[in-house]
Amino acid sequence: KQEVTQIPAALSVPEGENLVLNCSFTDSAIYNLQWFRQDPGKGLTSLLLIQSSQREQTSGRLNASLDKSSGRSTLYIAASQPGDSATYLCAVTQGGSEKLVFGKGTKLTVNP
Amino acid sequence: KAGVTQTPRYLIKTRGQQVTLSCSPISGHRSVSWYQQTPGQGLQFLFEYFSETQRNKGNFPGRFSGRQFSNSRSEMNVSTLELGDSALYLCASSLTGGAGNTIYFGEGSWLTVV
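Sequence order for the protein chains is C and L. As numbered in the numbering used here, residues 1 to 112 make up the first sequence, in order. As numbered in the numbering used here, residues 1 to 114 make up the second sequence, in order.
Chain C on its own, in the form it takes in the complex:
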């Protein structure tokens, strides 16, 4: 059974700092990994999708890497801003299914 873990559960940083969020999964046979953002009381917003054959994806200040063999992914946020404050979730898919297996998320607070 696939399990996804995110560490740390919460992170507080000053504005402008570069930071890394971690995600690990127990079964390396994934199809892809997706990072989401969730603001309080809201749904999820997709940030980056990494196919299993890819090593990384970039969008603006965000960079996500994937190491399938070690079962790890990182989300790098450059020059953090207060608007980045949210919960960040990673999720993986397996087989041909769209079913996402989520981690519990990292709650990020960026202080002005």
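Treat the hints loosely; a few may be bogus.
[Unchecked claim] Label pairs and their calculated CB-CB ranges: (1) C/Glu15 with L/Thr102: 23 to 33 angstroms; (2) L/Pro39 with C/Leu11: 11 to 21 angstroms; (3) C/Ser69 with L/Gly58: 22 to 32 angstroms; (4) C/Glu15 with L/Gly62: 43 to 53 angstroms; (5) C/Ser12 with L/Pro39: 17 to 27 angstroms.
[What the hints assert, rightly or not] Stretch by stretch, here's where chain C covers chain L in the computed footprint (C-beta under 8 angstroms, at least three residues): (6) 54-62; (7) 103-109.
Honestly, the hints are just simulated from the structure, not real lab data. Please read all numbers here as calculations on a predicted model, not as lab measurements. Note that the Cβ used here is the ideal one computed from N, Cα and C, for glycine as well.
Got chain C sorted already, so can you dock chain L onto it with the hints?
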């Protein structure tokens, strides 16, 4: 274009009642999935529909059911509500389902069972 639309956004039900939640996917999307989010368990997969057929189902009791219509709109139903069913129910859609698709989520339906 319009995103994934879920209705109602908030509702309060009594134990033993049933509830139906609705989801309209992004135009052109044929795959719809449902998730339950609680503080303790996080996000858990309920079911996935594609072209009116359930393709995948999570580990939830039979009280949880769903369906998809020919226009890709989907509904989920929970019967005989229990206090533990209080959660945010999220609907997601994608073009064809399956791996490789970016998945888009709605804002969710907040269900409180009292």
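Fill in: Which numbered hints fail
none
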